[in-house]
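Colleague: Now for the letters of each chain:
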Amino acid sequence: MPANWLQRALPYLPKNVLHASTSPNGGKGFYRIVLTRSAIGLPKGSQRTLEALGLNKRMAVVLHPHSQDTAGQLLRVKELVKVDNIYGDDLIQGRVKSVNGPSSGFTNVGSAAETRRW
Amino acid sequence: MFSTSVNLGGLVRKIPWRLSSTRKFRVRERLRDVDENIQAIKDSGVQFRQLDVASGLPSESSMPPRDKYFTFNKNSPTYRKGVHKVPKWTRLTQRTNPTARM
Numbered sequence: 007m008p009a010n011w012l013q014r015a016l017p018y019l020p021k022n023v024l025h026a027s028t029s030p031n032g033g034k035g036f037y038r039i040v041l042t043r044s045a046i047g048l049p050k051g052s053q054r055t056l057e058a059l060g061l062n063k064r065m066a067v068v069l070h071p072h073s074q075d076t077a078g079q080l081l082r083v084k085e086l087v088k089v090d091n092i093y094g095d096d097l098i099q100g101r102v103k104s105v106n107g108p109s110s111g112f113t114n115v116g117s118a119a120e121t122r123r124w
Numbered sequence: 335m336f337s338t339s340v341n342l343g344g345l346v347r348k349i350p351w352r353l354s355s356t357r358k359f360r361v362r363e364r365l366r367d368v369d370e371n372i373q374a375i376k377d378s379g380v381q382f383r384q385l386d387v388a389s390g391l392p393s394e395s396s397m398p399p400r401d402k403y404f405t406f407n408k409n410s411p412t413y414r415k416g417v418h419k420v421p422k423w424t425r426l427t428q429r430t431n432p433t434a435r436m
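These protein sequences, in sequence, are chains A and B. Note that the working numbering has the first sequence beginning at 7, numbered continuously upward. Note that the working numbering has the second sequence beginning at 335, numbered continuously upward.
Hints are not guaranteed to be accurate.
Unchecked claim - Residues of chain A clear of chain B, computed beta-carbon distances all greater than 10 Å: (1) LYS50; (2) GLY51; (3) ARG54; (4) GLY60; (5) LYS63; (6) ARG64; (7) MET65; (8) ALA66; (9) GLY111; (10) PHE112; (11) ASN114; (12) VAL115; (13) GLY116; (14) GLU120.
To be verified - Here are the simulated EDC-like pairs of lysine to aspartate or glutamate, each with C-alpha atoms no more than 16 Å apart in a straight line: (15) B/LYS376 x B/ASP386; (16) A/LYS88 x B/GLU370; (17) A/LYS84 x A/GLU57; (18) A/LYS88 x B/GLU363; (19) B/LYS358 x B/ASP401; (20) B/LYS376 x A/ASP75; (21) A/LYS84 x B/GLU363; (22) B/LYS402 x B/ASP367; (23) B/LYS415 x B/ASP401; (24) A/LYS84 x B/ASP367; (25) B/LYS376 x A/ASP90; (26) A/LYS84 x B/GLU394; (27) B/LYS422 x A/GLU85; (28) A/LYS88 x B/ASP369; (29) B/LYS358 x B/GLU394; (30) A/LYS84 x B/ASP369; (31) B/LYS402 x B/ASP369; (32) A/LYS84 x B/ASP377; (33) A/LYS84 x B/ASP386; (34) B/LYS402 x B/GLU363; (35) B/LYS419 x B/ASP401; (36) A/LYS88 x B/ASP367; (37) A/LYS84 x B/GLU370; (38) A/LYS88 x B/ASP377.
Note that these hints are calculated values from the structure, not bench results. Here a beta-carbon is modelled for each residue, glycine too, at the ideal position from N, C-alpha and C.
Whole structure, please, built from the sequences with the hints as guidance.
Modeller: This is the structure we're talking about:
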């Protein structure tokens, strides 16, 4: 693993991780958390745990650095989320295709305004 | 909304007493999802008491059907009722049985 893996991974990471990973105890890996089930109708504690994790609607994806605190929160809502472990190497070598979920399925290849000459 | 008996107008809103095979398939899927989540959290290298409790839960493959699709109920003659009769049952973990008080 390159020493500056985190630095190289930073552009790919959402803001909350950017703040967290600058702390010395940031750890090497991240939880990639997807909210798959809503907490509607569940106890307020579950709802507020999701809020604290930054999961505000279904299929929302967040990254959090590995820590006991986050792991405890995840256990609280383990029936509602999908948890994966990702590491800086995975991000750099493209093993994690997208941090924010599946791609839109198409890419912008250029502007039509550039090709039209009339 | 409550069910009423037929001779009172008959608003029937029943929960079937057992799950269909498709619903049982989805139960197993959900159990496996939770198993995978617990395993992922264990793989991240953290360690604390609640994680030991969670990883002490029986896994989907090790559970008998009796525990997957039924749950404890003190009022029924067999002390069992369908797990789908529990409110919010698809988003709860209820894998173990109560232990006997001696």
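Colleague: Of the numbered hints stated earlier in the document, which are not met by this structure?
Modeller: none
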